[in-house]
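Line by line, the protein sequences give chains A and B. Last residue of the first sequence? That's 439 in the working numbering, and every number before it is there in order. Last residue of the second sequence? That's 287 in the working numbering, and every number before it is there in order.
For the record, the hints were derived by calculation from the structure and aren't laboratory data. Bear in mind that the values here come from a model prediction, so they are computed numbers and not experimental data. Take the hints with a grain of salt, since some may be wrong.
[Claimed, not checked] With a straight-line Cα cutoff of 25 Å, these simulated BS3-like cross-link-like pairs (lysine-lysine) come out: (1) B:265 <-> A:243; (2) A:330 <-> B:265; (3) A:387 <-> B:10; (4) A:330 <-> B:10; (5) A:59 <-> A:120; (6) A:179 <-> B:10.
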Amino acid sequence: MPKQAPEVRRRNFDEVALGYLAETAVQEAKRCLGCKKPKCVLGCPVEIDIPGFIQSIAQRDFVAGVRILKEKNCLPAVCGRVCPQEEQCEEICVLVKKGGQIAIGRLERFLADWEAGQGEPEMPQISAPTGRKVAVIGGGPAGLTVAGDLIKLGHHVTIFEALHKMGGVLVYGIPEFRLPKAIVQREIDYLKKMGVELVTDFVVGKTRTVDSLLEEYHAIFVGSGAGLPWFMNIPGENLNGVYSANEYLTRMNLMKGFQFPQFPTPIKDHSRVAVIGGGNVAMDCARTALRLGAEARIIYRRSRQELPARLEEIENAEEEGVIFDFLTLPIRYMGDENGWVRKIECLRMKLGEPDASGRRRPVPIEGSEFILPMDAVICAIGNSPNPLIAATTPGLEVGKRGNIVADEETGRTSKERVWAGGDVVTGAATVIQAMGAGRKAARSIHEYLSGL
Amino acid sequence: MFKIIESQMVVPNMHLLVVEAPAVARQMNPGQFVILRSEEDGERIPLSVSDWDAKAGTVTVVFLNVGHSTSTLASLESGMNIPSVVGPLGNPTEIDKFGTVLCLGGCYGIGSLYPIARALKEKGNKIVTVIEARSSFLFYWEDRLREVSDQLFHITRDGTKGSRGHVSRLPEIIKAWGQSVDRMIINGCTFLLKRGSDVSRSMGIKTVVSLNPIMIDGTGMCGVCRVTVAEATKFACVDGPDFDGHEVDWAELLQRRKQYVAEESVSFRTSRCEEHARRP
Ligand SMILES: Cc1cc2nc3c(=O)[nH]c(=O)nc-3n(C[C@H](O)[C@H](O)[C@H](O)COP(=O)(O)OP(=O)(O)OC[C@H]3O[C@@H](n4cnc5c(N)ncnc54)[C@H](O)[C@@H]3O)c2cc1C
Ligand SMILES: Cc1cc2nc3c(=O)[nH]c(=O)nc-3n(C[C@H](O)[C@H](O)[C@H](O)COP(=O)(O)OP(=O)(O)OC[C@H]3O[C@@H](n4cnc5c(N)ncnc54)[C@H](O)[C@@H]3O)c2cc1C
Ligand code: SF4
Ligand code: FES
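The following block holds chain B by itself, in its conformation from the complex (with noise of 0.2 Å):
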């Protein structure tokens, strides 16, 4: 059993959850993911880890509440128990030093950025965020990031924080930030994961993203989340989740990830990721 320290909805439907797992903190690097299943008998879900603490023995994840196991995860109260934390899975983030890093989240990925950019910024790179939402009011962690960046860029569909639209805008800012990027990280939904590796490839930056293809155990027993990369199957689950996102096949990831959804009910669905890939 593990415990909950802490829940909380940072915003809107987005929730952060603290729990007790020394085992998995002691191991953590950032890029990491977690399976936690919130009953018996409940549902595996993989999360990427936005914090941990060794010391303290605890692994923080921020989720949005899409179905079923999600919203069971987000009405957990602390004190209480869940039955699995599983982890530290999958490969860290590559951290080195590259020059400038431009780390785009989106999503639940403006959590699970920061501890990435973090360890970049410890590791003498410069670091241009930039978080990218429907609305300022579903930005969260802007401190925390603003204190590992050099910059912060915001980018909202309505206009309220920062440029207006969509990762389109990405040029603009770097333009902006007026030095070279050497290097892109994106974390958050596959449409941002896609589009942003669409831009960043016309502008010629090599690109990492963090794929989130549906996974059961996460340690390469099952293959539902391969993937293919540069024309070879992958299981993003041991061989990612980190990826080059100009060699991702994005059409084959977007289908899969869709393989159950007339199964779930997806009724609190409120992020809307799917606009990015029909908006211009």
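This is chain A alone, in the form it adopts within the complex (with noise of 0.2 Å):
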């Protein structure tokens, strides 16, 4: 796919990836042999019909394709740009191996920026009013899922969202570069439209408990996402200029730092900096410091190999200049008199014994410890659920890391009219692992609605 040129795009904002041309799309559709058994379909979270709006594409029928995507995925112009397909259905194409797999999340957003591209979207058939009432809460992907479905079903459908944006890690974390805000809003406007209820600014648990909404609606999701941020509880970690990965992003996307002082929201010029972690929240810090003008550089306790980011985000930083430290641990922080983080001491590591996660475990060799000068760092090591919500709602189980127990195929908790999805239940995960649950809750819901 066209991309930016890395010397270019490594100076602004603007999105990296080009997409599709029309004529690019329908070339590459008509490699797909349409399998009667799909594999791809099997590496798909959502199920999608692959093969399906594929065949559309190379008929030039782009109306039906989209209709075909939509039926199983709410957010395609979403997922076509930040799903791991490379380890989801184009890893198990059966052309991976015969010329190459079909790039299925490029058909995908093609697709999906075709339609945009045609003005109002085609408006989906809307159920009569049930009279039934569902509180979501949350406006990550998950939360608009449901809220999605269920108001095709008839059901009046509030979103009750923390923020003053809805959208969840979509806007406030994944950059611009990668996912242009406007898409998401388009998809936010569009559950407008449908007559979902956006009510913004409301944090639940605190301006209302689940509890109390129970009480004035017949159903409930959480969808509140994994939003509290991890620190390594290393020395110097409260120094000024040390940032978790969410508030360097929030400043950046949803308060749009990037445009300051033209937005009031200060980001701090710094010319080194330092990203902790090697997922793709780490990428996503280091590719926006870049941008900002710093010399950028990764640094994580294993190797290139064991880099849990996307591939091709990987390869976007390294193209854009990110610099990286691999099989390298921080241990201390140092900073000079006025509080500022100025020296980061690590240690260098090797790679072990495999752990539980199959990945070899780094082990510290003694007496490497050695000193990287640095003006800034974002500790990118990972976040687990807010405990707000569980904390202010009896009866609502919840796992050893904060994340709420609910059942995988129907999203119930234990407790009644509660459902939940997402990464508040699974932690950390994907935006279209967040909408497949968020698929399933709805199902259940509505069949308890159905029910009442």
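Take each chain as given, in its own frame, and dock them per the hints.
Next up, the structure:
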């Protein structure tokens, strides 16, 4: 797929991948064999009829393609951009070893963008009002999916979102250059048009509890995500210039810090930025810092092979000039007299025996301490669910890491009339999994509501 | 959208805003705060709540005009709308029967102290309120505070009202009160919180301070509000904002609050809160 050249894009916040033109999309679609028992579908967490929409593209019937896509995926423009297709549908496409797998994600994105270019989206059929009310907590992909599915079935749906914008990680976390915010906004506008009531600036557990909402709503879906940032608890972590990935990305994306001072939330001009971690979040932070003019490096305790980020994003980061320090563990941050971080002390690691995750465990090499000069550090080592809802909802069973316990097939929790799904149940995962969980929960909620 | 019901300057550079936010007002308790945004794409501004009316559905905040966002907020007029009022955030101040509680407030804390003192009074505590300012013309809400206090003391740096000087005058005030003090509660700028805690430590009085580090979301998501209390990292927005003033790492907090001074225009500063730290 055409991309902005690395030396250009590393200085702007525009989208990196430019998308297929219709001609390229049709050509690519024509390579698809339209397998009778398509492997690719097995790799898709929401079982999109992949050969179906690809055939439609091959026949240039884009309208039909969009319809097939949307049967299973209500956020195709988002998923076409951020899904890890390389380890889902594309990985098991039968063509992998015969000329290369079909670029399923890019075709998905093509269709969604094509539709957006056609003006007003086609409105779905909305059933007659059932008089049943559903409250959805959290406006991320899980919550948006539940809302979209249930509104079509005639239920009254209200989404309560703590922040001042809907979208969850899609707006506050994933940067503009990977997922333009206008695309997310389009999906939210679509829900609004279908009649979903959107309430922002509403912190469930504070503004109102789940129990209080249950008095007014027949069912509740909790899709509050995994928003609590982890720190490493090493010395110097509270120095100025040490951020959580959430803070850094929120300043940038939600508060539009990259346009400071036109937008009033400030972001610092740093010259050397270290990002701790190796996932998508770490890549996003490093590439953001780079675009703000800093020298950006990823400090990761294992090797390149174990990086949990999507391969495409690792390659993008490398091309743009992000420096990688593999097998490196920060052990201490040192500051100046004004409390600003100036140096990181690190240890070199080597790979030992495989651990529970099957990846080789990094072990420190004794006496290998060394110092990196740095004026900002972004800690991107993970997140867990925010305890706010669990702590204010008696009867809601919670697991070890603060995740809400919910049935995998239905999303039902231990509490009557309360469903949950997405990162709040699984811990930090993917957009498509959150969407899939939302789908299942919506089905179960609908069954419940229909029986009332 | 949230409607401004009242907007006024109570004393030079100190503004009061009453805003309609029924869901927030219904759940409010003393010591909690809200986050406001004065304009679309504006900063999220955390402000302690100085009063509220659950029936009328309104929330009152008092704030010092110190920079871009607070000055935009100050320029609002009644009848206008603002895009966000989120809350109530943070934990309520612990309200119980302690005996005598000394409530110390300065700056915007004179306002936010009021509902705390009121609730403590209703619980049957004796309330000694001490308010502090650079000069007497900066005091406000004295009548309200007097109503909920057994005694009201003033400290001014220029001596225009009450004791002359700083919170270091507290021991004399306590002596004048004549009875033991069982707990102290401090609201206001970080310097007042710190200096007040220093004084009360030497007197062995348990002290609760309402911290005001830089915040963004106020729900535990970003971690910018982290403070070290009793050697552990806490998120002030969800673990606080109240903490034991004798356990707070003040040096770290003061440094963290300064992270964006270079970026922020501090052209409106008139409170000169830092002077607490410099002068004896
Ligand atoms: C920087 C970053 C990059 C990522 N990149 C990718 C990627 O490339 N591909 C991919 O598939 N996945 C990626 N992910 C992961 C993906 O974004 C998440 O798995 C997904 O967003 C989870 O969806 P969710 O709906 O469960 O939660 P979220 O998107 O987290 O949304 C939860 C929402 O609930 C709100 N909320 C929380 N508590 C409350 C409350 N008490 N009351 C009201 N509202 C509340 C939150 O404010 C938030 O808006 C990335 C994540 C991050 C942080
Ligand atoms: C829980 C809490 C309660 C507060 N209650 C009140 C109150 O009742 N009245 C009042 O006048 N002030 C209160 N503050 C401080 C108030 O939030 C800041 O003065 C305000 O955000 C400054 O914004 P600004 O753009 O006008 O100033 P800026 O020019 O941006 O900053 C001036 C100074 O204010 C502080 N500050 C800046 N941004 C923030 C932020 N997002 N969060 C906290 N501090 C910040 C910094 O120390 C900065 O140097 C409270 C802060 C917290 C965290
Ligand atoms: S496995 Fe590959 S070739 Fe077969 S249907 Fe799916 S995309 Fe087409
Ligand atoms: S303000 Fe973001 S975690 Fe406290």
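Evaluation of the provided hints:
1. Straight-line distance between C-alpha atoms of residue 265 of chain B and residue 243 of chain A comes to about 21 Å, which keeps the hinted pair within the 25 Å bound.
2. Of the supplied pair hints, the one linking residue 330 of chain A and residue 265 of chain B holds, its CA atoms being roughly 20 Å apart against a limit of 25 Å.
3. Straight-line distance between C-alpha atoms of residue 387 of chain A and residue 10 of chain B comes to about 43 Å, which puts the hinted pair past the 25 Å bound.
4. Note on residue 330 of chain A and residue 10 of chain B: the hinted pairing is violated, with a Cα-Cα distance of about 48 Å set against a maximum of 25 Å.
5. With a C-alpha separation of about 23 Å, the suggested pairing of residue 59 of chain A with residue 120 of chain A holds against the 25 Å cut-off.
6. Distance check on the hinted pair: residue 179 of chain A and residue 10 of chain B sit about 23 Å apart at the alpha-carbon level, within 25 Å; holds.
Checked against the numbered hints listed earlier, the structure breaks hints 3 and 4; every other hint is satisfied.
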